[in-house]
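Q: Everything in the sequence shown is counted per the working numbering, starting at 50 for the first residue and increasing by one.
No lab work stands behind these hints, which were simulated from the structure alone.
Source: prediction; values computed, not measured.
Ranges of calculated distance between the beta carbons of each label pair, as one might list FRET restraints:
(1) 109 - 53: 28 to 38 Å
(2) 92 - 53: 13 to 23 Å
(3) 54 - 74: 10 to 20 Å
(4) 68 - 92: 15 to 25 Å
(5) 77 - 108: 17 to 27 Å
(6) 56 - 100: 14 to 24 Å
Don't be surprised by glycine CBs; every beta carbon is placed ideally from N, CA and C.
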Amino acid sequence: MKLNLTDIQIDRIIEMAWEDRTPFEAITYQFALAEKEVIGLMRKELKRSSFNLWRARVNSGVSQKHLFKRNSEIDRFKCTRQRTISGNKISKR
50 MKLNLTDIQI
60 DRIIEMAWED
70 RTPFEAITYQ
80 FALAEKEVIG
90 LMRKELKRSS
100 FNLWRARVNS
110 GVSQKHLFKR
120 NSEIDRFKCT
130 RQRTISGNKI
140 SKR
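Work out the full structure, taking the sequences as your base and the hints as a guide.
A: Put into structure tokens, the structure is as follows:
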């Protein structure tokens with residue numbers, strides 16, 4: 050798995066992966082990484098204990114990383130104010 054990602058992109062992917070309400074589909078949409086690639090990236094970038102903690106959290110009932118675990122009323126994976134691919138910044142008002 051050879052990914053051509055900048056340090057900033059890797060940091061953002063890790064941040065999104067740690068967020069409970071950001072599904073893997075959002076990471077795939079923004080960075081074209083499948084769930085297995087995100088797991089591999091997390092395994093490579095995190096300490097073993099941090100990776101194990103993250104995996105346990107993703108597979109727990111708390112996390113909504115998988116769409117089938119999400120509330121059916123939520124039909125989007127990004128904030129309504131967030132532009133498609135903008136570094137996840139809210140536009141200036």
